[in-house]
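Student: Here's the letter readout for the chains.
Number of protein chains: 2
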Amino acid sequence: MRVLTPATSSDARSPRAGDIDHQMMQHAIMLAHQAAERDEVPVGAVVYRGDQIISEGFNLRECDSDPTAHAEVIAVRAAAKRLGEWRLTDCTLAVTLEPCPMCAGALVNARLGRLVYGASDPKAGAVRTLYTLCNDSRLNHSVEVVGGVCAYECGRLLKDFFKQKRAQRQAARRK
Amino acid sequence: MRVLTPATSSDARSPRAGDIDHQMMQHAIMLAHQAAERDEVPVGAVVYRGDQIISEGFNLRECDSDPTAHAEVIAVRAAAKRLGEWRLTDCTLAVTLEPCPMCAGALVNARLGRLVYGASDPKAGAVRTLYTLCNDSRLNHSVEVVGGVCAYECGRLLKDFFKQKRAQRQAARRK
Numbered sequence: 134m135r136v137l138t139p140a141t142s143s144d145a146r147s148p149r150a151g152d153i154d155h156q157m158m159q160h161a162i163m164l165a166h167q168a169a170e171r172d173e174v175p176v177g178a179v180v181y182r183g184d185q186i187i188s189e190g191f192n193l194r195e196c197d198s199d200p201t202a203h204a205e206v207i208a209v210r211a212a213a214k215r216l217g218e219w220r221l222t223d224c225t226l227a228v229t230l231e232p233c234p235m236c237a238g239a240l241v242n243a244r245l246g247r248l249v250y251g252a253s254d255p256k257a258g259a260v261r262t263l264y265t266l267c268n269d270s271r272l273n274h275s276v277e278v279v280g281g282v283c284a285y286e287c288g289r290l291l292k293d294f295f296k297q298k299r300a301q302r303q304a305a306r307r308k
Numbered sequence: 134m135r136v137l138t139p140a141t142s143s144d145a146r147s148p149r150a151g152d153i154d155h156q157m158m159q160h161a162i163m164l165a166h167q168a169a170e171r172d173e174v175p176v177g178a179v180v181y182r183g184d185q186i187i188s189e190g191f192n193l194r195e196c197d198s199d200p201t202a203h204a205e206v207i208a209v210r211a212a213a214k215r216l217g218e219w220r221l222t223d224c225t226l227a228v229t230l231e232p233c234p235m236c237a238g239a240l241v242n243a244r245l246g247r248l249v250y251g252a253s254d255p256k257a258g259a260v261r262t263l264y265t266l267c268n269d270s271r272l273n274h275s276v277e278v279v280g281g282v283c284a285y286e287c288g289r290l291l292k293d294f295f296k297q298k299r300a301q302r303q304a305a306r307r308k
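Chains A and B supply the protein sequences, listed in that same order. Sequential numbering from 134 applies to the first sequence in this note's numbering. Sequential numbering from 134 applies to the second sequence in this note's numbering.
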């Protein structure tokens, strides 16, 4: 008996992560650690073209008092500035967490070529979880998406951060 | 016979635009003209609290080579910077065009209190047209929305801009 299996990330027709994508995600994870060191939610992002890093970013919402200072927006703005061009059609962005509506919208507005993300975001994920903003045919651009790259490591980073935060709050209450 | 009429913008239960909102929209329209003078798509935005303007913005995507430089994002970032606080819970933003997914997401991320917008955007409107991002109970904040304020004037500004652009392109082709 032949058993039909659903398409998975190893489906040859699906976009897949290459070695460069994994290397860039490791770089994004390193950037997420830099956010955590500043007591920011640890999310990091890298924009690259081929094997060349164009720009980097990590979450700085609290430090900069800026609600738009998510890793992706910072990295996209820096890439556009560096290239002198707001269209990032031949670039890939790797980010440790599935982008929120603002960031997914920014990637569409930037005409980003590819998005590689790590952990899914059940609360605000706007690429596959709550919305599919990067692949809405009504909008004027669609981004190739590869999700779940180094997902465990990216998710662990966030879980550890929030666990530590809860412990700090409980310790403060006990005082 | 009693005739039930559907709720309209004059429904007392619906959020409504006050005099201040109309004044601020006129200010946003003036800012949109400043964008047009720089050959940018004419969209303007103002953040205010009571009758006090906190910040302003107009579209600068081309001038700044920045895909995130929409009027709303510029105004929100400037307001947060001025107030030293990324939460804009007690602020209203007036913008001449219905926000796109990026901007609607930014308003949710900024915990904006109220949004007042002018013309609807059939191509990318993410507040009422394609999405209702500002009022999605799955996200961690909901924004009070008043749409259609000075809508004709706001829409006219955009139509005139694109009409002029088309005429310029046709003239260039004839040369």
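Treat the hints with care, since some could be wrong.
Rough simulated footprint, nothing fancy, chain A against chain B, three-plus residues with beta-carbon under 8 Å [what the hints assert, rightly or not]:
#, region
1, 215-222
2, 233-242
3, 292-299
Hints were generated in silico from the structure; no laboratory data involved. Heads up, the beta-carbon is just placed ideally off N, CA and C, and yes, glycines get one too.
Student: Closer than 8 Å, Cβ to Cβ, for at least three residues: run that test on the region 233-242 of chain B against chain A and report holds or violated.
Tutor: holds (count 9)
Student: Cut-off 8 Å, C-beta pairs, minimum 3 residues; does the coverage of the region 215-222 of chain B by chain A stand?
Tutor: This one holds; 6 residues, not fewer than the three required, reach chain A with a Cβ under 8 Å.
Student: Can you take a look at whether the region 292-299 of chain B is actually covered by chain A? Rule is 3+ residues, C-beta closer than 8 Å.
Tutor: violated (count 0)
In the structure shown, a violation is registered for the earlier hint numbered 3 alone.
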